[in-house]
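There are 2 protein chains.
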Amino acid sequence: MSWQLGPEDLDDLARGATLLGTGGGGDPHIGKLLVKAAMAVSGPITILDPQELADDAFVVPTAQMGAPTVVVERIPAGNEPEQALAALEKHLGRTADATMPIECGGINSMIPLLVAARTGLPVVDADGMGRAFPELHMETFSVYGVPGSPMAIADERGHSVLIDTGTDNRQMEWLARGITIRLGGVAHIAEYPMTGRQVKDTAVPNTITLALEVGRAIRRAREAHTDPIAELAATLSSTLYSHLRVLFEGKVVDVERRTTDGFAKGQARIQSAPDEPELVIRFQNENLVATLGDTVLAVVPDLICVLDAETAEPITTERLRYGQRVSVIGISTPAMMRTQEALDTFGPACFGLEHAFVPVESAVVELVETR
Amino acid sequence: MSWQLGPEDLDDLARGATLLGTGGGGDPHIGKLLVKAAMAVSGPITILDPQELADDAFVVPTAQMGAPTVVVERIPAGNEPEQALAALEKHLGRTADATMPIECGGINSMIPLLVAARTGLPVVDADGMGRAFPELHMETFSVYGVPGSPMAIADERGHSVLIDTGTDNRQMEWLARGITIRLGGVAHIAEYPMTGRQVKDTAVPNTITLALEVGRAIRRAREAHTDPIAELAATLSSTLYSHLRVLFEGKVVDVERRTTDGFAKGQARIQSAPDEPELVIRFQNENLVATLGDTVLAVVPDLICVLDAETAEPITTERLRYGQRVSVIGISTPAMMRTQEALDTFGPACFGLEHAFVPVESAVVELVETR
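Those protein sequence lines, which keep their order, are chains A and B. Residue numbers for the first sequence follow the numbering used here, beginning at 1 and rising by one. Residue numbers for the second sequence follow the numbering used here, beginning at 1001 and rising by one.
For the record, the hints were derived by calculation from the structure and aren't laboratory data. Possibly wrong hints are sitting among the right ones.
Here's a subset of chain A near chain B, in silico, CB distances under 10 Å, partners left out [as the list claims (entries may be wrong)]:
| id | residue |
| --- | --- |
| 1 | V72 |
| 2 | H159 |
| 3 | L162 |
| 4 | I163 |
| 5 | G166 |
| 6 | Q171 |
| 7 | L175 |
| 8 | R177 |
| 9 | G178 |
| 10 | R182 |
| 11 | G185 |
| 12 | M336 |
Glycine included, every Cβ here is placed at the ideal spot set by N, Cα and C.
Turn these sequences into a full structure, and let the hints guide you.
If you want it as structure tokens, here you go:
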């Protein structure tokens, strides 16, 4: 069933998307404000269940790409993603029937809504990452055979770049990243143009709904003064993200972060008590792996989320600071993101990590019991 | 009058183009071999005088871009520039009536011939630099109002990138350079799509003929055992490049060269005798300025050419080596390349040089007399 997303949903959606962004995806705050402003003119946005799509519908995902550290400092004009879409539509000689998120985390939960509010297009309730990932080939679309090309990049000056690397989505990412760096670290894109059939076959379904429910669960717990993480676990248990585990609780004692090669890379250390082993989280835009000594507690593609210990507000990697009291949780990703093809695209080795993938629900049982 | 360029012309053309490349433009040797191979199939190539072009003819220049240091090591497959042309034609929905060089120096004297031999298109006897320059906005087309956009970039894998920065040719260069770097340092392009009228208004005319005559002059002198530089000066005196001055003779005693930001940058020092002042030539792909102590002997956009002292064979910046015995000559550029608009685009300040432009014919008179 299609449904209407209104301005009253945006705070919950942004909170949920920040959590699903697993540290990255870019802070959605500015995106939310842009969508609110656009919605004040357009009214609510139509969200389509992917199962409703005609097989021959033409769907073009829209997104922002760039380092989250730059995203928070460089405010979009607001028309860039629709310009990217328009450039791609013109190039292909075909008009999109709907847009869709490429990831359900961070600002990219908002960009397709911004396009929708400004163009009248509906948004498909699905995405290509089921979380956030730093690179454009790390999408389930790519894993399951959809070419990202041709893709369009647009900036606030009306300039555009069209990239066609055939079926080589890694090369598309490589070239698009080069352009994004030269545009100052952030760009807006339209990519993976696909049919309704391809959406149904390759997208992670119903993740706008998921982000909204995650955001609402945290808000409900705050309002009822109950445990937000318990509320979150209860909400997730009936979804494709059914396992939630608390990995660690403590204080951020160190953050190393640098913006390099167009990404925010680094690590954070979190301490529960002096002289106790520290949790180390390594990130590239998103959190990649959480380790305690030699033990891997969670690793990509599973979600590693750092939440404020009091409010359960998710904290992105570029907002991590010394002294923050946090809860670190791990969430299992859907089965379609754990297949061998999927792990070959966005598993630990794709980030240069030596750790094998271990599902978060099996990795941390022992630890949780001994804490 | 149109004329036919045959395989017997290629050696002279390559030699002349290397000289007009003023140290850069990329060594044309490989390009020459590719054209020879293509001509063996196609036969001679039609060269069009720009004055013959219909005002509404559609001309698309084709070229290679990249650092000369990479150009000599990375052999093209041969089909890349025609793929760039095809990508641009498809994007614009219009077929080119002719191609044209963007510069008359180095390998880019050969690339449009390669396209012509493989596609059957004629080549316009004109170009957009009147020499070689390192960047895409440094073209007389740009100086006199032709947008470089949209432009196409293609590689040997059939991948393509289309860049549209409206009338901002500097930004086009910036983005195209980013792609070229990510493609490994060399790419092939089609840019500045324009009308016959625009060619007549903005191109430096008859520079294929010029390169051919320069190459022939040097060969004639070698065959006749006369002074090649005197032969060259006599040939140039009746062209738009009417002044030739010998700036220095000596031995290369030092070359600093690094491939950085997609360019070959550095400087060479040339010594006439121990304890005598050294000539210093600074370059970015092309030779930019020749100084003797505080005296500027020649500076962009005038040509600074380093020739083998015996054979007058031009030596490109990436071929400069310790111990080479060389003659350094300065050649005046056409008036249309010395206007204020032209100097604002490719004058000394555009390369970060503090020297004012001084025409080579006025700068070196004193020096030549005192040597």
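Against the structure, the hints:
| no. | hint | verdict |
| --- | --- | --- |
| 1 | V72 | violated (23 Å) |
| 2 | H159 | holds (4 Å) |
| 3 | L162 | holds (4 Å) |
| 4 | I163 | holds (5 Å) |
| 5 | G166 | holds (6 Å) |
| 6 | Q171 | holds (6 Å) |
| 7 | L175 | holds (5 Å) |
| 8 | R177 | holds (8 Å) |
| 9 | G178 | holds (4 Å) |
| 10 | R182 | holds (4 Å) |
| 11 | G185 | violated (12 Å) |
| 12 | M336 | violated (29 Å) |
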